[in-house]
Amino acid sequence: MGHPPAYDGPAIAVSDLRMRYGDKDVLTGLDLEIEPGGVTALLGPNGAGKTTTIEILEGFRGRSDGEVSVLGVDPARGDEAWRARLGVVLQEWRDNGKWKVRDIVGHFAEYYRPYTEPWGAGELLEMVGLTAQAGQRIQTLSGGQRRRLDVALGIIGKPSLLFLDEPTTGFDPHARREFHELIHRLTDLDGTTILLTTHDLDEAEKLAERIVILAGGRIIADGSPDQLARAAATTAEVKWIQEGQLQIHATEDATDFVRKLLATDDGKVTELEIHRASLEDAYLELVAKFEAGQAATAVDTFLAKLWLASFAKREATR
Numbered sequence: 001m002g003h004p005p006a007y008d009g010p011a012i013a014v015s016d017l018r019m020r021y022g023d024k025d026v027l028t029g030l031d032l033e034i035e036p037g038g039v040t041a042l043l044g045p046n047g048a049g050k051t052t053t054i055e056i057l058e059g060f061r062g063r064s065d066g067e068v069s070v071l072g073v074d075p076a077r078g079d080e081a082w083r084a085r086l087g088v089v090l091q092e093w094r095d096n097g098k099w100k101v102r103d104i105v106g107h108f109a110e111y112y113r114p115y116t117e118p119w120g121a122g123e124l125l126e127m128v129g130l131t132a133q134a135g136q137r138i139q140t141l142s143g144g145q146r147r148r149l150d151v152a153l154g155i156i157g158k159p160s161l162l163f164l165d166e167p168t169t170g171f172d173p174h175a176r177r178e179f180h181e182l183i184h185r186l187t188d189l190d191g192t193t194i195l196l197t198t199h200d201l202d203e204a205e206k207l208a209e210r211i212v213i214l215a216g217g218r219i220i221a222d223g224s225p226d227q228l229a230r231a232a233a234t235t236a237e238v239k240w241i242q243e244g245q246l247q248i249h250a251t252e253d254a255t256d257f258v259r260k261l262l263a264t265d266d267g268k269v270t271e272l273e274i275h276r277a278s279l280e281d282a283y284l285e286l287v288a289k290f291e292a293g294q295a296a297t298a299v300d301t302f303l304a305k306l307w308l309a310s311f312a313k314r315e316a317t318r
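Last residue of the sequence shown? That's 318 in the UniProt record's numbering, and every number before it is there in order.
Don't read these hints as lab results, they were simulated from the structure.
Check before you lean on any hint, since a few could be wrong.
As the list claims (entries may be wrong) - Below are the EDC-like pairs computed for lysine to aspartate or glutamate, each with C-alpha atoms no more than 16 Å apart in a straight line:
hint, residue 1, residue 2
1, K268, E252
2, K206, E280
3, K239, E252
4, K158, E123
5, K260, E273
When you get a sec, could you build the whole thing from the sequences and use the hints?
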């Protein structure tokens, strides 16, 4: 889909990125590098700094300090040729609802012609599943169809890098599933790096090969969904009923604990349950503390869970 890379470096390279509004630090030294290709999710609670980060990378917002390179260019100095290599799908976009779908796609395509050969309207609308709606006015589209049009306008110039900011906000489950299928189709097309922001862990796990968790103005976890899930699984909670009383025990080795428990229970243990901590548990706790105004505590707790998992894993291999 994308242009041939103009250089062989990372698609995005960020070092010690800082952003301050008045006396509030939104980004406090963010470091991030993304190689070309694939889907990376920037995940975090609302207010974690995701949109600010994306807007800086897109060149829509200045920064207080730090080094930023996007496709080899500082976004603060990016020209129109550089912008033509980016695709942007915002959380929301206001337009004239009386435009017909086919017409607005053709109109947008003209902006890219000085720099690249854009997708043809028919081919593009087929790609995003809007062929049947080509003659409809935008104001008649459903929410899911409207989001597909947003993506079409974002990729019309065959971008090397596509930004998706909270792409499924307000979607019902059906529209969300259809949109996820569309993103999977886009990843099958060669040459495009996709960076999406979301506060939804489930969405990040379904769409991304790499998840970067942002909270407290910095990156607190980075890895594949499987890597982060394993890192968060620090302890297991074992519950059982013994002599009519509920018993709860936290352990790092549930198998060994249950084996010993059952070996000495004389048949008195019933309703045995094992719940292992998950990435979802850790992330939901992070979000809850953020929403309660406990950002610093939220980050410390999340990092402690990941550190304990890492420590336990090292000890197990010694």
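For each hint, the structure was consulted:
1. K268 with E252: Roughly 24 Å between the alpha carbons, so the hint for K268 and E252 is violated.
2. K206 with E280: Judged against 16 Å, a Cα distance of about 13 Å means the pair holds.
3. K239 with E252: OK: K239 and E252 at ~14 Å, within 16 Å.
4. K158 with E123: 12 Å, holds
5. K260 with E273: Answer holds: K260 to E273 is near 15 Å, not above 16 Å.
Checked against the numbered hints listed earlier, the structure breaks hint 1 alone; every other hint is satisfied.
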